[in-house]
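Using the sequences plus the hints, can you model the full thing?
Note that the protein sequences, when read in sequence, are chains A and B.
Residue 1 is where the first sequence starts when you use the numbering used here, and the numbers rise one by one after that.
Residue 1001 is where the second sequence starts when you use the numbering used here, and the numbers rise one by one after that.
Keep in mind that the hints were calculated from the coordinates and are not lab data.
Since the structure is predicted, the reported quantities are computational estimates derived from the model, not experimental observations.
Among the hints, a few may not be true.
Here are the simulated lysine-lysine pairs, BS3-like style, with alpha carbons at most 25 angstroms apart [unchecked claim]:
hint, chain 1, residue 1, chain 2, residue 2
1, B, Lys-1245, B, Lys-1186
2, B, Lys-1243, A, Lys-159
3, A, Lys-188, A, Lys-2
4, B, Lys-1229, B, Lys-1243
5, A, Lys-159, B, Lys-1077
6, A, Lys-159, A, Lys-188
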Amino acid sequence: MKTYINQGNQDTRSGFGVGLAELGRTNPNVVALCADLVGSLKMDEFIAENPERFFQVGIAEANMMGIAAGLTIGGKIPFTGTFANFSTGRVYDQIRQSIAYSGKNVKICASHAGITLGEDGATHQILEDIGLMKMLPGMTVINPCDFNQTKAATIAIVKHQGPVYLRFGRPKVANFTTEEETPFEIGKGILLNPGTDVTIVATGHLVWEALQAAETLEKVGVSAEVINIHTIKPLDETIILNSVQKTGCIVTAEEHNFLGGLGESVARTLTAAQPVPQEFVATQDTFGESGTPAQLMAKYGIDQNAIVEKVKKVIERK
Amino acid sequence: MPLLKQALLLFQSFSSNFMPNTQQLEALVQQVRRDILRMVHKVNSGHPGGSLGCAEFFVALYQEVMTHDFSFQMDGKNEDLFFLSNGHISPVFYSVLARSGYFPVEELDTFRLLDSRLQGHPTTHEGLPGIRIASGSLGQGLSVAVGAALAKKLNHDPQTVYTLMGDGELQEGQNWEAFMYAAANKVDNLIATVDLNGKQIDGSTDEVLNLGSVAQKLDAFGWTVLELKDGNNITAIIDTLAKAKSLTGNGKPIAILMQTEMGNGVDFMMHTHAWHGKAPNDEQLEAALAQNPETLGDY
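Next up, the structure:
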């Protein structure tokens, strides 16, 4: 089993903050907007260095999306920052008409995605955002897995012409990807561990959980291939199909409802090309609740234990 | 030279440096009315009422007020920009864009047809020159205009951003987020016109959801408010837009509250909300066109 070293727990939102600050220094067209959540989105460094390129819009997300669309017309590349809930569901029609349908080059950067937002509870824990965003024609959807990958993704999306939804989170989690070993490229899955018995495709916070699960499985003689799909749309179908050709079954893992998420995109790919048994590690069409991230991941079945169980189940179905 | 081509050349030249006189502008308004009526009649759909009410405004803006380049670049650097928020009045927008040289007037004949660039509501998606944002779902245009105005400031571009929105549209909350933002952040290169025709789909704005005093509301929000009582008088529109322009750069965004008559220029379409989204039948078209004889040549 290939081992990855945790360089120390860090939050993915801080990876966004560092990436945005770097863009501020390297790309004069990058501008940032925030709806009263500067600290939560870790945007302080960009703001301190580029006050004229930052727009505090207040608690008015709809207006923020419209202003961002307008800024692109003058050649700017706007990065909007607020929680995932307020970045998507609250402003869906603004994104749909003024950004996606209008083909505007806006980068929608969404923190506190999923259930690991924790104690604030279900009002803030959006588990439907990947589905909402991937259904918009022309929208690229990215859910990086750790601090380094979030930083790399933030920097990468500036070169992509078109709207992007970049989803990251609140808790401090293992930081293990590196530029050398696991470089980030939009739309390109990363083979983290080669295996022969089962494919585990994971996104976001579930990637580290998948690696832990693979270690556990190795001890009981199960060889798991672990793939990090950070870009849910466009999906790297090749890496998934190549893998299931070898393993013959798949488990998808994500911090999202099983309806509309990564698992559903993978299922669509498999049914069209090469149907194999699939199990979903995802929330089961439910809202979340208050609790610590670890408690919630356990209760809602989206941690390494859940992955191990689903792997056993899917192998039986082969 | 055929009349149509002659008219086209005449009005394309207006876009660059030749300033038309009032009579010529009114002739164009009348031709635009014919375009609107014929476009919606052909496909038996579309929104003639609000379009007719704003014909003078669009002609004034595109022929007299804005500095703009009809060869069209999306970024619109160093030219004035216009955003239509109430996208359902696309017929007047398309007609004036075509007759200002953005695309061939013959293309007006494709309005709302399959594979047309002239979608029911304006869009950038089909690459129609002159359109910089999709609109139709209401209440979004002002925010976009604010963003474009902020980009102009960042680019040290001294030109002005214009937008038009409907009065019923002010019932959408996003407008008030944008009004608040623009005043708080001194977006003073922005002139937002509200088409106060007092009507919306379900009836008068008073009946559906009374707007109260829009002037007092915008004043309280920190905008400079200009009231234009006769929004169907092209001279009055030009004067008011000129005054608005003279007030830019003073730290406050500018609103023009423009009272118009929905269905203006067609007697049976005026003083009613019935023609908001209804096309005339053959007899009604004939009657409406008879009230507006051809001036510059039909497409």
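Verification of the hints:
Taking the CA atoms of Lys-1245(B) and Lys-1186(B), the gap is about 15 angstroms. The hint holds against a cut of 25 angstroms. About 42 angstroms separates the Cα atoms of Lys-1243(B) and Lys-159(A), which puts this hinted pair outside 25 angstroms; it is violated. Between the alpha carbons of Lys-188(A) and Lys-2(A) the distance comes to roughly 20 angstroms, so the proposed pair stays at or under 25 angstroms and holds. With a C-alpha separation of about 14 angstroms, the suggested pairing of Lys-1229(B) with Lys-1243(B) holds against the 25 angstroms cut-off.
Restraint check for Lys-159(A) and Lys-1077(B): satisfied, since their Cα atoms lie roughly 22 angstroms apart, inside the 25 angstroms limit. Restraint check for Lys-159(A) and Lys-188(A): satisfied, since their Cα atoms lie roughly 15 angstroms apart, inside the 25 angstroms limit.
Taken one by one, the earlier hints fail for this structure only at number 2.
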